[in-house]
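Visitor: Spelled out from the first residue to the last, the chains are:
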Amino acid sequence: MNSLIIIVVALVVAVLGYRWYAGFVDKQIFESDPHRITPAKMYMDGVDFMPTPKNVLFGYQFKSIAGAGPVVGAIIALQWGWLPALLWLFLGVIFIGWVHDYVSGMVSLRCDGLSLGGLSHKLISPRARLILLSFVYFYLLLLAGAFGGVVAGALIKITSGPVAILVLAICGLLAGQMIYRWRVNILVMTLVCVVLAFLGIKLGEMLPADQLLGSIAQNKLTWGLFAVIFCYFSAVMPIWRFALPLNYVAFYIVMFGLLGGIIGIIVGLPPVQAPAYTQFFIGIGPLWPILFVTIACGACSGWHAMVTTSGTCRQLEKETDAKPVLAGSMLTEMVLGVVALMTAAAALPFDKYLEMVKPAGGGPGAVFANGLGNLLGIIGIPMTFGKTLAGVIIVVLSLTVMQLVLRFMKVATVELVGEYSPILRNNQVATFIAAVLVLFLIQTGWWQFLWILFGGANQLLASLALLVASLWLMSQGKKATFTLIPMWFMFITTIAALMYTSYNLLSKVFTGKIVAAAGQSQAEALIGNGLMGVVALFLVVAAIILFIDGMKALKRYRQQPGAGMVPEAK
Amino acid sequence: MTDEEKKGFLKAIKEFIYGMAAHDSARFALKTRASMEHLFILVTMGDMLGVPLLPPYYSLRLLPYVVPQISTWKRRMLREKDLTDALA
Numbered sequence: 002m003n004s005l006i007i008i009v010v011a012l013v014v015a016v017l018g019y020r021w022y023a024g025f026v027d028k029q030i031f032e033s034d035p036h037r038i039t040p041a042k043m044y045m046d047g048v049d050f051m052p053t054p055k056n057v058l059f060g061y062q063f064k065s066i067a068g069a070g071p072v073v074g075a076i077i078a079l080q081w082g083w084l085p086a087l088l089w090l091f092l093g094v095i096f097i098g099w100v101h102d103y104v105s106g107m108v109s110l111r112c113d114g115l116s117l118g119g120l121s122h123k124l125i126s127p128r129a130r131l132i133l134l135s136f137v138y139f140y141l142l143l144l145a146g147a148f149g150g151v152v153a154g155a156l157i158k159i160t161s162g163p164v165a166i167l168v169l170a171i172c173g174l175l176a177g178q179m180i181y182r183w184r185v186n187i188l189v190m191t192l193v194c195v196v197l198a199f200l201g202i203k204l205g206e207m208l209p210a211d212q213l214l215g216s217i218a219q220n221k222l223t224w225g226l227f228a229v230i231f232c233y234f235s236a237v238m239p240i241w242r243f244a245l246p247l248n249y250v251a252f253y254i255v256m257f258g259l260l261g262g263i264i265g266i267i268v269g270l271p272p273v274q275a276p277a278y279t280q281f282f283i284g285i286g287p288l289w290p291i292l293f294v295t296i297a298c299g300a301c302s303g304w305h306a307m308v309t310t311s312g313t314c315r316q317l318e319k320e321t322d323a324k325p326v327l328a329g330s331m332l333t334e335m336v337l338g339v340v341a342l343m344t345a346a347a348a349l350p351f352d353k354y355l356e357m358v359k360p361a362g363g364g365p366g367a368v369f370a371n372g373l374g375n376l377l378g379i380i381g382i383p384m385t386f387g388k389t390l391a392g393v394i395i396v397v398l399s400l401t402v403m404q405l406v407l408r409f410m411k412v413a414t415v416e417l418v419g420e421y422s423p424i425l426r427n428n429q430v431a432t433f434i435a436a437v438l439v440l441f442l443i444q445t446g447w448w449q450f451l452w453i454l455f456g457g458a459n460q461l462l463a464s465l466a467l468l469v470a471s472l473w474l475m476s477q478g479k480k481a482t483f484t485l486i487p488m489w490f491m492f493i494t495t496i497a498a499l500m501y502t503s504y505n506l507l508s509k510v511f512t513g514k515i516v517a518a519a520g521q522s523q524a525e526a527l528i529g530n531g532l533m534g535v536v537a538l539f540l541v542v543a544a545i546i547l548f549i550d551g552m553k554a555l556k557r558y559r560q561q562p563g564a565g566m567v568p569e570a571k
Numbered sequence: 002m003t004d005e006e007k008k009g010f011l012k013a014i015k016e017f018i019y020g021m022a023a024h025d026s027a028r029f030a031l032k033t034r035a036s037m038e039h040l041f042i043l044v045t046m047g048d049m050l051g052v053p054l055l056p057p058y059y060s061l062r063l064l065p066y067v068v069p070q071i072s073t074w075k076r077r078m079l080r081e082k083d084l085t086d087a088l089a
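Each protein sequence line maps, in turn, to chains A and B.
Residue numbers for the first sequence follow my numbering, so the first one is 2 and each next one is one higher.
Residue numbers for the second sequence follow my numbering, so the first one is 2 and each next one is one higher.
Errors might be hidden in some of the hints.
To be verified - EDC-like, lysine to aspartate or glutamate: derived pairs with alpha carbons at most 16 Å apart:
| # | chain 1 | residue 1 | chain 2 | residue 2 |
| --- | --- | --- | --- | --- |
| 1 | B | K75 | A | E416 |
| 2 | B | K82 | A | D550 |
| 3 | B | K82 | A | E416 |
To be verified - Calculated Cβ distances over 10 Å to all of chain B for the following chain A residues:
| # | residue |
| --- | --- |
| 4 | V137 |
| 5 | R184 |
| 6 | T385 |
To be verified - To give an idea of the chain B side of the interface with chain A (calculated C-beta under 7 Å), a few residues:
| # | residue |
| --- | --- |
| 7 | F29 |
| 8 | M37 |
| 9 | R62 |
| 10 | L88 |
Bear in mind the hints are in silico, worked out from the structure with no lab data behind them.
Just so we're clear, the structure is a prediction, and the values are computed from it rather than from any experiment.
Note that beta-carbon positions come from the ideal geometry of N, C-alpha and C, so glycine has one too.
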């Protein structure tokens with residue numbers, strides 16, 4: 002099978018889903034009306050609530066939801082073969098993914114721009130909001146641990162990456178200084194910083210980390226520490242000084258690499274080298290349910306509901322913009338997931354992929370860097386430069402998420418425990434605690450299991466968002482089958498995945514059959530397995546409590562269909 | 002494709018790239034400005050909250066600069082907020 006055909010099929014699936022299913026739900030069920038006033042207009046405050054053109058919002062939403070998630074998930078899932086991953090991407094996005102993003106956004110639009118936390122408080126119970134916060138906290142912690150593992154694995158293998166990343170960080174600082182202090186024209190700033198960042202990639206090739214640092218360049222802890230320190234500064238410095246300008250400069254590098262990869266597929270027409278299907282059981286678990294949490298972004302992701310309700314929905318100018326912005330960006334993300342799948346399935350021999358995706362092989366970061374490097378080679382970009390560029394892309398995408406995590410965890414620590422201990426209200430202390438937790442996870446956890454747990458927390462968030470949307474639809478007397486079926490599917494699958502992973506991890510702890518991953522001691526592996534197993538169990542318990550509250554809410558709304566929001570009885 | 006359509010298409014591409022690359026930065030700049038405005042309003046109108054930071058003479062002199070901000074400031078202040086708002 003040719004990789005270009007698969008990408009074209011993905012585009013066709015996205016267009017058909019958008020025109021037919023999304024069109025039907027938008028017109029027939031939500032009856033979106035361009036004249037109905039949106040929260041952006043009703044509550045315009047010039048900051049959060051602000052009418053914004055739909056094309057700007059489409060870009061904003063796409064960038065907010067599509068980071069390293071669709072890339073890493075698809076690459077890990079290739080271990081089952083390309084067909085199961087592709088089918089889940091197609092079916093998941095059509096029947097669950099876009100529905101989830103769109104309905105959570107529309108419900109927020111119709112409820113005065115309430116965020117998912119506020120919606121669960123009002124539609125389910127106050128306890129549901131607390132459970133949501135715990136899902137979010139663990140989701141972010143696990144996400145940072147998993148991405149930290151991806152960064153560490155990639156930087157061990159792509160030795161030209163660290164210097165390039167350092168130069169990019171300096172470019173970020175320079176961009177902030179140029180635009181906010183020196184008031185330089187934005188085009189000049191962009192040109193200077195992007196050119197410098199590309200020169201940094203070249204410099205990285207000339208100064209590989211193993212030559213500069215010797216054997217410590219092969220240590221996971223070195224790069225875990227590097228990632229955490231990088232994100233620590235990003236979280237404590239003013240956001241305009243480092244994090245935002247860095248993301249701005251990195252955007253051009255990422256776009257250049259991804260577009261180059263797509264052109265490489267169009268020009269080179271590489272055939273898919275991976276088998277369509279390998280086996281039901283692989284190292285990380287069985288196809289059902291593990292595949293469905295491994296690929297979250299690209300098929301269905303609860304994170305999107307958070308971003309949509311807290312950010313994008315409050316800027317929608319018209320209700321009819323919700324379909325192109327929310328459904329459109331989710332379907333586009335699926336295409337990105339398919340492209341990422343092809344960088345591993347078509348641009349690398351399958352045995353090489355299997356070698357790389359193992360902990361000792363560098364993980365999905367190394368797979369992506371080598372695959373995209375090969376695709377860029379097709380359009381004439383030197384292979385070593387292409388691999389460094391691709392390595393920088395995956396590391397930067399991961400670090401962007403880790404920065405956000407540390408920033409949010411800092412706020413969450415201050416908000417949740419700040420009143421009990423004044424020292425925790427300190428910016429540096431709160432960030433330090435979050436950074437230590439993340440580093441602990443990177444060092445003790447194995448990123449493949451961390452990824453599954455992160456996927457589990459993410460998909461539980463998705464089922465919560467779908468439940469909230471179903472309850473709202475029932476409260477308005479509308480049909481909710483199209484959200485209830487995906488909700489049940491995601492809930493059951495995720496609970497099964499978490500229970501399987503928890504059993505898998507804890508049974509190894511109690512029977513002493515733990516095998517330490519590369520760069521890990523036996524004690525670290527023991528602590529890591531135990532910790533990850535307990536976190537998985539905690540998520541299952543939280544999900545069961547949510548299930549009980551959800552059932553009560555469903556009963557309440559079934560008894561009084563179309564009666565509006567019915568609060569929980571005291 | 003007519004000239005109008007071409008212009009519309011190019012505008013859409015431009016807006017899309019702006020949305021991906023810089024809309025975040027613009028929102029954070031607005032948030033920073035809003036927090037400055039909050040401080041300014043607290044300084045000038047603090048006596049209404051029982052925090053007389055400025056003598057009434059200066060408050061009155063500054064009042065015309067504050068008035069245009071009051072309606073949006075009230076919306077920001079009185080809105081129900083959630084911890085998850087910090088994510089966007």
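Visitor: With reference to the structure, classify each hint as holding or not holding.
Guide: Structure-based check of all given hints:
{"no.": "1", "hint": "B:K75 with A:E416", "in the structure": "violated, 23 Å"}
{"no.": "2", "hint": "B:K82 with A:D550", "in the structure": "violated, 23 Å"}
{"no.": "3", "hint": "B:K82 with A:E416", "in the structure": "holds, 12 Å"}
{"no.": "4", "hint": "V137", "in the structure": "violated, 6 Å"}
{"no.": "5", "hint": "R184", "in the structure": "holds, 13 Å"}
{"no.": "6", "hint": "T385", "in the structure": "holds, 28 Å"}
{"no.": "7", "hint": "F29", "in the structure": "holds, 5 Å"}
{"no.": "8", "hint": "M37", "in the structure": "violated, 12 Å"}
{"no.": "9", "hint": "R62", "in the structure": "violated, 24 Å"}
{"no.": "10", "hint": "L88", "in the structure": "holds, 5 Å"}
The structure fails to meet hints 1, 2, 4, 8 and 9 from the earlier list, while all remaining hints are met.
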